[in-house]
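Q: Sequence:
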Amino acid sequence: MLFDQLYADYGSLLDRPLTERRARLEEYLSRCNERPLVLSDAIVGQGIALFREARRESLEGIVAKRLDSRYIPGRRNTAWTKIKCSSRLLCAIIGFVPSGKTDFRNLVLAADDGGDLSYVGRVGTGFDMQLRDQINALLWARLRKRPLITCRLKARWIEPGAASRRGFVRYFDDSNERRRRAAPLPRKQPARRAARFSSGLAAPRSSDSRRPAESGRSPDV
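Its first residue numbered 1, the sequence shown is counted upward by one per residue in this note's numbering.
Treat the hints as calculated values from the structure; they're not laboratory data. Worth double-checking, as some hints may not be accurate.
[Said to hold, decoys possible] Simulated DEER-style distance windows between Cβ atoms: (1) THR150 with ILE43: 41 to 49 Å; (2) LYS145 with ARG52: 40 to 48 Å; (3) TYR28 with ARG76: 47 to 55 Å; (4) PRO73 with ALA141: 19 to 27 Å; (5) LEU2 with ARG132: 21 to 29 Å; (6) SER58 with LYS101: 37 to 45 Å; (7) MET129 with ILE72: 29 to 37 Å.
Using N, Cα and C, we set each Cβ at its ideal position, and we do this for glycine too.
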């Protein structure tokens with residue numbers, strides 16, 4: 001699968017616009033029958049619709065490129081943008097795996113499942129130092145002996161009432177699990193909602209955390 005051509009006839013095409021480079025590549029492939037080479041499809045002017053379709057199909061995301069962009073090797077630039085399909089789920093923090101006596105390695109999360117809390121995983125990234133301090137102050141002050149749900153993890157457990165927005169990217173690694181990261185700890189209202197999960201009075205909502213703008217100029221794709 002090919003998507004760009006950087007050189008042709010011993011000359012560089014790096015400074016030529018994307019549309020010209022792809023046209024050169026398409027013309028070359030029309031004459032090349034030696035190998036099963038395929039030019040990737042380009043969908044122009046329908047970036048938002050394409051992103052929605054990628055999200056519906058649970059794909060990793062899309063790449064948006066300006067049609068007049070040149071190729072800049074080894075550097076990121078705004079002419080090419082990777083837009084990942086991400087979602088967020090409000091979870092109750094039911095425990096943590098400690099790291100030493102005053103810190104945590106990762107948080108143990110659960111979410112509402114038909115009125116009951118169900119284990120959804122652990123998250124250990126996405127925390128800056130200020131957020132870690134806030135979470136640690138919350139965790140160590142709410143310790144309890146037993147978990148809120150049946151869970152065999154070796155962890156410390158806390159009383160209900162703490163919440164976190166668990167962000168997960170729709171990408172599956174070799175273990176077939178989503179790669180998890182944490183979003184900022186919510187304010188008082190989400191924490192109260194999380195406390196009600198165990199009684200079935202509130203349910204978390206999923207929402208897309210990153211998507212192309214609904215208004216303004218759409219990216220060239």
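Q: Could you work out which of the previously given hints the structure breaks and list their numbers from low to high?
A: 3, 4 and 5
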